[in-house]
Amino acid sequence: MAMTFLTNNTKTSVSFTEADTTLVLVKDVILSVTNSGIVASGLAKARAVVVDGTISAGVSGVTFGAANAGDLKGSVVVSETGSIVAGAFGISATAVGMDIVNRGGILGKQAGVSVVGSKANVANEGTISSAAGSAVSVVGAAAMVVNNGRMAGQTDAVKLSGDRMAMTNNKDISSATAAGIVIDGLGSTVTNNGSIGARGNGIVATGVAEIITNNGTVGSGASAIVAKGKNAVITNSGALQASVDGIALSGANGTVTNSKMIAVGGTAVSVTANGAIVNNLGTISGAIGIAVVGDAARGANSGTISASKGSAVDFTKADHASFNNSGVLSSASGLAFKGGDGQQSLTNGGTIKGDVLLGGGSDYFDGRGGTVMGKVAGGAGHDTYVIDNARTLLVEAKNAGNDLVISSVSYALADNFEFLTLGGTAAVNATGNALANQIHGNGADNRIDGKVGNDMIWAMAARIF
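Counted the way this note's numbering counts, the sequence shown spans residues 73 to 537.
Among the hints, a few may not be true.
[To be verified] Cβ-Cβ distance ranges computed for the label pairs, FRET-style:
#, residue 1, residue 2, range
1, S398, V211, 41 to 49 Å
2, G441, K243, 38 to 46 Å
3, S331, A484, 21 to 29 Å
4, S104, S380, 17 to 25 Å
5, T82, A138, 19 to 27 Å
6, N461, G406, 19 to 27 Å
7, T76, V305, 16 to 24 Å
Honestly, the hints are just simulated from the structure, not real lab data.
C-beta atoms are modelled at their ideal positions from N, C-alpha and C, and glycine is treated no differently.
Sequences are here, hints too, so could you generate the full structure?
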């Protein structure tokens, strides 16, 4: 490959069209122009630009390729001693398969690095920034962007558009007015192992089957992670801090897993979609913990979820939804779990600090092995309660459906409950109320007292009073 060295300061643009050529701007040499600095135009292949010196350009620092170019096997390298300051783009490339490596400094008013073309590779170990736009903008499928330095944008810091994109941040990304990372397309991935700070959203993914993994820190003036496409997979093993929501999922059949920390001013996990799966193994805190609007959601908590204003879990607008708690749910409002008019199922083997309001619909509550430091109240509908602790406070309103309690300990029905079944095999007792109850023994030596009312009793081996 031929090598050309620029060894003298110049105020004239440098263009080259020869294939198999490397152009080197030598250390301490300054290229200062009012238009573009180095122009590698045309369709010649295997060209490389190495910036060891300084480029100051009114338009673009380095321009590479041409419209509709194929794979030109082109590359631009800015070394530790190199820098580019440009009025438009630091590096502007239009070609397939571009390799761009920055170890120095790149500043472009519209964008630090702009690539149009698939299979681009952008690696940063220095600083890439923009005074008015994005630090890095890539339009094209199958691009890979890796940040081991600093990327700072005035608008969206990193903006990627195309299928099968891969974005990895190992150090620092920031936006003064908008999002840290915006990505769309099918099957793209975002992995944050560093720090993302944004005035707007931290990470925004709008395509289908996007995979977002946070192992670092995301701080946001809006929402930390926003996923709008269906089949998204969001995993947080780091820290999410935001003024609004921690994770906002609006695409169907998405999955959210938190194993570390989410602390926000709004809703920690907000789901507006059908078929969502939410699993918390860490710590979640917000005005509301987890809120779901949609059908067939499944949630689980083995960590801690706390709410400062609303509920730890809000299923008000969730239908055919289930939640399994083996951790701790708490709310400053006193309402830890809030259901709605749909059908919901709550299994509690952990601790709920506050009330449980199942709401309308035929709901299911299984409290075996758990503790509720409040009441468990059903609404309209035929509700079922499974308990192993007689001190669990169950509440039903008058004329609010036909409600069943299944108890493996001696239990007396509270007002407005119709049915009682003794579970397990222990010799426990059952007591009815003033309604026309249906009471089932469990086959052991039960003592069953129907109280007043026209009761139906399945005694098995029980004694009836």
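Hint check:
Judged by the Cβ atoms, the range 41 to 49 Å given for S398 and V211 holds: they are separated by roughly 46 Å. For G441 paired with K243, a C-beta distance near 45 Å keeps the hint of 38 to 46 Å intact. Checking the proposed 21 to 29 Å range against S331 and A484 shows it is violated: the Cβ atoms sit about 42 Å from each other. Between S104 and S380 the CB atoms are about 56 Å apart, so this pair departs from the stated range of 17 to 25 Å.
Taken as a hint, the range 19 to 27 Å holds for the pair T82 and A138, whose Cβ atoms sit roughly 24 Å apart. Between N461 and G406 the CB atoms are about 20 Å apart, so this pair conforms to the stated range of 19 to 27 Å. Between T76 and V305 the beta carbon distance is about 48 Å. The supplied range of 16 to 24 Å is therefore violated.
In summary, the structure is inconsistent with hints 3, 4, 7 from the numbered list given earlier, while agreeing with the others.
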